[in-house]
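Spelled out from the first residue to the last, the chains are:
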Amino acid sequence: MSERTLYDKVWERHRVTELPNGQDQLFVGLHLVHEVTSPQAFAMLEERGHDVAFPDRTFATTDHIVPTEADGRERPLVDDEAETMLSALERNTAENGITFFGLDSDRQGITHVVAPELGLSRPGMTVACGDSHTATHGAFGSIGVGVGTSQIRDVLATGCIAADKQRVRRVEVEGELGAGVGAKDVVLKIIGELGVDGGVGHVYEYGGPVIEALGMEGRLAVCNMSIEGGARAGYVNPDETTYEYLRGREYAPEGEAFEERKVYWESLRSDDDAVYDDVVTVDVDGMDPLVTWGVDPGQVIEISEPVPAPDAFTDRTDREAAERAYDHMGVEPGESMLGYDVDVAFLGTCTNGRVSDFAAAARVLEGRTVADDVRALAVPGSETVRAECERRGLDETFIEAGFEWRRAGCSMCLAMNDDALEGEEVCASSSNRNFVGRQGSKDGRTVLMSPGMVAAAAVAGEVADVRKYLDDDRPAGGGVEGVAD
Amino acid sequence: MSDDHHITEVAGTGVPIPGDDVDTDRILPARFMKEVTFDNMADYLFYDARRNDDGELGDHPLDRFDGANVAVANANFGCGSSREHAPQAMMRWGIDGIVGESYAEIFRDNCRSLGIPAATADHETVVALQEWIEANPDGEVEIDVAAETVTYGDTTVDVAIDDAMQEALVDGIWDTTTLMYANMSKVERTAADLPYVGSDG
Ligand code: SF4
Numbered sequence: 000m001s002e003r004t005l006y007d008k009v010w011e012r013h014r015v016t017e018l019p020n021g022q023d024q025l026f027v028g029l030h031l032v033h034e035v036t037s038p039q040a041f042a043m044l045e046e047r048g049h050d051v052a053f054p055d056r057t058f059a060t061t062d063h064i065v066p067t068e069a070d071g072r073e074r075p076l077v078d079d080e081a082e083t084m085l086s087a088l089e090r091n092t093a094e095n096g097i098t099f100f101g102l103d104s105d106r107q108g109i110t111h112v113v114a115p116e117l118g119l120s121r122p123g124m125t126v127a128c129g130d131s132h133t134a135t136h137g138a139f140g141s142i143g144v145g146v147g148t149s150q151i152r153d154v155l156a157t158g159c160i161a162a163d164k165q166r167v168r169r170v171e172v173e174g175e176l177g178a179g180v181g182a183k184d185v186v187l188k189i190i191g192e193l194g195v196d197g198g199v200g201h202v203y204e205y206g207g208p209v210i211e212a213l214g215m216e217g218r219l220a221v222c223n224m225s226i227e228g229g230a231r232a233g234y235v236n237p238d239e240t241t242y243e244y245l246r247g248r249e250y251a252p253e254g255e256a257f258e259e260r261k262v263y264w265e266s267l268r269s270d271d272d273a274v275y276d277d278v279v280t281v282d283v284d285g286m287d288p289l290v291t292w293g294v295d296p297g298q299v300i301e302i303s304e305p306v307p308a309p310d311a312f313t314d315r316t317d318r319e320a321a322e323r324a325y326d327h328m329g330v331e332p333g334e335s336m337l338g339y340d341v342d343v344a345f346l347g348t349c350t351n352g353r354v355s356d357f358a359a360a361a362r363v364l365e366g367r368t369v370a371d372d373v374r375a376l377a378v379p380g381s382e383t384v385r386a387e388c389e390r391r392g393l394d395e396t397f398i399e400a401g402f403e404w405r406r407a408g409c410s411m412c413l414a415m416n417d418d419a420l421e422g423e424e425v426c427a428s429s430s431n432r433n434f435v436g437r438q439g440s441k442d443g444r445t446v447l448m449s450p451g452m453v454a455a456a457a458v459a460g461e462v463a464d465v466r467k468y469l470d471d472d473r474p475a476g477g478g479v480e481g482v483a484d
Numbered sequence: 715m716s717d718d719h720h721i722t723e724v725a726g727t728g729v730p731i732p733g734d735d736v737d738t739d740r741i742l743p744a745r746f747m748k749e750v751t752f753d754n755m756a757d758y759l760f761y762d763a764r765r766n767d768d769g770e771l772g773d774h775p776l777d778r779f780d781g782a783n784v785a786v787a788n789a790n791f792g793c794g795s796s797r798e799h800a801p802q803a804m805m806r807w808g809i810d811g812i813v814g815e816s817y818a819e820i821f822r823d824n825c826r827s828l829g830i831p832a833a834t835a836d837h838e839t840v841v842a843l844q845e846w847i848e849a850n851p852d853g854e855v856e857i858d859v860a861a862e863t864v865t866y867g868d869t870t871v872d873v874a875i876d877d878a879m880q881e882a883l884v885d886g887i888w889d890t891t892t893l894m895y896a897n898m899s900k901v902e903r904t905a906a907d908l909p910y911v912g913s914d915g
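Here the protein sequences come in this chain order: A and B.
Each residue of the first sequence is one higher than the one before, starting from 0 at the first, in the numbering used here.
Each residue of the second sequence is one higher than the one before, starting from 715 at the first, in the numbering used here.
Here chain B stands alone, though its shape is the one from the complex:
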């Protein structure tokens, strides 16, 4: 994941994740964060929402659309905690890209760090796509990151991808550590100009 590469499009079958304000506690319940790696996170994705009281998997979309690559969410997706465990779990489960009405900012930043395009579209567009996926579980959904479009069946719709995310993915420079490390001498200068650094005052 740390290797840079260009992400101009992601494609595969879709999975609708309906509902507004889906928070990160729901995506990845906190009790599963007691691990020092992200390796097992896919197992915990939407853990409680997917299971009945006896712990059996039911008809949650993730189980009905197993193997999907593109998640389709509604408004304010990923709100709440900053845990990168949430998009990590989605990525490790198999999600390569998301289309949604809107995202919480930390969640979107985390997606960018992981190279997961998070596109936005209006409510009608998103719902139409969700309905299409329900009717066409094996149908391909493609997010074109550069053109800012989503194609499914015979339909192509415009979506928006925030500029920084688009540039980062298309140019293959979404690894910000490498980018910023190149500027360390400037960082030292900025820090030295701040009265509280060094003196700790």
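Only chain A is shown next, with the shape it has when bound in the complex:
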């Protein structure tokens, strides 16, 4: 059969049956578990006397609540509540025979960083996790969906979720990216154009020359933020970039098996004549790096553009949202974000906590120092990322520049540990959400940007254009790379 998208093919292969309520029962091939959203689900499971149906297809790590200071990881953790959550996950995974990359594992880290780098996430899978950024795994051409705790119980007990098939929107990204402009800028542009609820009811298939030229880490960053655009899932068709990335990873098939599987993966790509529910084109040709100016990820501008005026929004709700955003951020319409004072620089997360992200930031930091009044945190997305950065000596660049070089975790992305904004602090952040209160202070302010831009902001002490910090003889930064890692 032709005319089918990858989404259609993967859905069909994982569809168990139709449920009486009209939804499909969909098999989940990879279930990722972390400490925050799972304890209640394990408790519900126990209450009902169910076992975990597919422990071999379930992998756990700890990320949200873990301290990222090197000396803060002694057990029991200083924070009693964090210790309780971590112990609960240790117990639940041990009792149910689930592999757990715990605090003492050199593979520990953020679920969406760990599973891709270990080769657990592969083309054609369905992936579920009690976390909205599960779309990240779509970078391999899998379907990743974020689920709530009751649905985690479903997956634990049955290996399935009840799901509605969504419409598929092809997001064709065209143009050519300039130096210092990368994957994060691309996805911010997409969200800015299509809106934070533009993707509701859809999965996004990202494609076109710009996406094809991205390395896996860039694709992971793009798919990661699908949810910020309202899409439950987002994916990229697998290609040579995908296969080359997977080859040799710990959980990837080896040798002959790999070659066989590659043929299968290739067959899952959307057909050339695939039928989409709609197709949109986003032109990123020659665009500048982007930053958010407001309190949702769609309130975003190219760095050369002014903060938009209220009458730039035709939609009533967008106008009201803008008014709230000016107020919270303390910005005026017409102003430039360049020069917006920054107190904290935060580099990390499941969006931009991978080796290429730190490499891009390090290029900016080489031979420079963080501005005096800026607190700067570099938090690797996983211990694997940390080790690789250290092998390359990137940690020294960060430390010499005045960054704190931390252990892996979610950290200041949502501030469930000690890494939090205080008062009205402004954070230049490589994370994915600038919601009010997200980084731990209800008056705190978040400006989302690429890793290179975070480094530039750290050095300047204010929002700055990364391109001013890229010497001609240095390669382009900002997670741009076609380079995988």
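It is worth saying that the hints were derived from the structure and are not from the lab.
Just so you know, not all the hints are guaranteed correct.
[Said to hold, decoys possible] If we take Cβ atoms under 8 angstroms as the criterion, some of the chain B residues that face chain A in the derived model are:
1. D737
2. E749
3. A818
4. E819
5. I820
6. A882
7. V901
8. Y910
[As the list claims (entries may be wrong)] Partial list, computed: chain A residues near chain B (C-beta under 7 angstroms):
9. D130
10. G158
11. A161
12. K441
Every residue gets a Cβ at the ideal spot worked out from N, C-alpha and C, and that includes glycine.
Starting from the known structure of chain A, arrange chain B with the ligand on it as the hints suggest.
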């Protein structure tokens, strides 16, 4: 909550929760998720939005309309994180049903898992209902899940409830674990046909 039952209507006084794109970080700030049960979540509902700088409760709608059962929200309600803590907190605070312009999908799925009908209506309808509740804090608002209507005062308006949610609630089969567990032999077959299961390739 795990016991199935039919939910054909929910009723009680209302509470308007105005604003578009109300995200789950606002509904339930992350720092309150450091608990291994949902038991205390009601205490943290809209924690920051409800308090002034000294931590005192102010005139947030949840405090003005204490005891309400039906929340009335605007567009893209519950966007952001997947945390079920958000609808759990609403449910435990006393919310049995929601009327809104639209919802983020994970939030809506979570509501379905909890047996909370989440109905949608257009902007004008929702705003009219919010204004009516402001004027009639003790007035009853009823969501009829089967008929897809909302009644308040002398007014009955049509709303929409997504098919899967409606079926699940009305037929009392919103506990998907039980539903899907009945199909385990089919699940095994589906899994066995997938090249990556078992071989872990
Ligand atoms: S890094 Fe942030 S967005 Fe990613 S899983 Fe952690 S808290 Fe969620």
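Now the hints, each set against the structure:
1. D737: 5 angstroms, holds
2. E749: 7 angstroms, holds
3. A818: 7 angstroms, holds
4. E819: 5 angstroms, holds
5. I820: Nearest chain A Cβ about 6 angstroms off; hint holds.
6. A882: 4 angstroms, holds
7. V901: Holds: closest Cβ of chain A sits about 5 angstroms from V901/B, inside 8 angstroms.
8. Y910: Holds: closest Cβ of chain A sits about 6 angstroms from Y910/B, inside 8 angstroms.
9. D130: Nearest chain B Cβ about 6 angstroms off; hint holds.
10. G158: 6 angstroms, holds
11. A161: 4 angstroms, holds
12. K441: 4 angstroms, holds
The structure is consistent with each of the numbered hints, conforming to all of them.
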